[in-house]
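2 protein chains.
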Amino acid sequence: MDLKYNERGLIPAIVQDEASGEVLMMAWMNAESLRLTQQTGEVHFWSRSRQELWRKGETSGNVLYLRQIRADCDADVLLLQVEASGPACHTGARSCFFQELEDIDEA
Amino acid sequence: MDLKYNERGLIPAIVQDEASGEVLMMAWMNAESLRLTQQTGEVHFWSRSRQELWRKGETSGNVLYLRQIRADCDADVLLLQVEASGPACHTGARSCFFQELEDIDEA
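As they're listed, the protein sequences go chains X and E.
FYI, the numbering used here numbers position 79 of the first sequence as 139, with every residue one higher than the one before it.
FYI, the numbering used here numbers position 31 of the second sequence as 91, with every residue one higher than the one before it.
Think of the hints as simulated: they come from the structure by calculation, not from any bench.
It should be emphasised that the depicted structure is a prediction, and the values quoted were computed from it without experimental measurement.
If a hint is listed, it holds; no wrong ones were tucked in.
Below, simulated SDA-like cross-link-like pairs (lysine to any residue); rule was C-alpha separation at most 20 Å, straight line: (1) E:Lys64 / X:Gln111; (2) E:Lys64 / X:Arg110; (3) X:Lys64 / E:Leu161; (4) X:Lys64 / E:Leu70; (5) E:Lys64 / E:Ser107; (6) X:Lys64 / X:Asn90; (7) E:Lys64 / E:Ala135; (8) X:Lys64 / E:Trp88; (9) X:Lys64 / X:Ala135; (10) X:Lys64 / E:His150; (11) X:Lys64 / E:Arg110; (12) E:Lys64 / X:Leu70; (13) E:Lys64 / X:Cys149; (14) E:Lys64 / X:Gln159; (15) E:Lys64 / E:Asn90; (16) E:Lys64 / E:Leu96; (17) X:Lys64 / E:Phe158.
So here's chain X without its partners, still in its complex pose:
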C-alpha cells in the first residue's frame, strides 16, 4: 500500500505522547519531511505558512523524538508516537489542544 499524499503532496501527521497517550499536535508532512523524520529520529514537518521544511524544536529546542509511525486504513493519515523533550505547543502548553470548543466563537 502506498501512502496517499493530498494534491499538495502533504499528509496529516497526528503526534501522540507515547507514554501518556496525550495528543500533542497535528501538522503536515511531505515525503521529504517523512524521510528526514525516519532517518534522524527527530520529527520534521512541512510548514504550509512558511513553505519550508521544519524540524520541530529547531528554534524552541523542544524536539519530538520518534518512537513509531502508523498509517490509517486509507493510508492518508499518519499517527506518530513520540517522546517530547518539552512543550509541543508554541504557546508553552504541553499539548496544542488546550482549548475546549465552548471557548471558541463558532459564528
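Keeping the supplied structure of chain X fixed, place chain E upon it in accordance with the hints.
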C-alpha cells in the same frame, strides 16, 4: 477565536477514545457536521469521497458518542474525546491506525 476551516470549508477532526486514550481515526468536518455533532451528541463528519454528511455508525451501527471537543492553538484542528460503541474502523479494527509504517510501500 473563530474556527478556521480550509478552502473547502473543512476542518480535520481527530477522534480519541476518552477511556483508553487510543487514537481511533481522523476524518473531516464542515460547520454543519460539527453543529449536528454538538446537537445530537453523536459524531458526524463530511465524507469527501461521497460529498455528503455522514453520521458515523449510520450503516455499521458503530456510533461515536461525543464527550468533549477541543481545538488546537491555531483553531484549525479539532480533537474529539468519544465513547465508541464498537470498532471505529470500517475493517473491524478498533482503531484505523493498525498499520506500522514499515508495512507500507513508500516508493
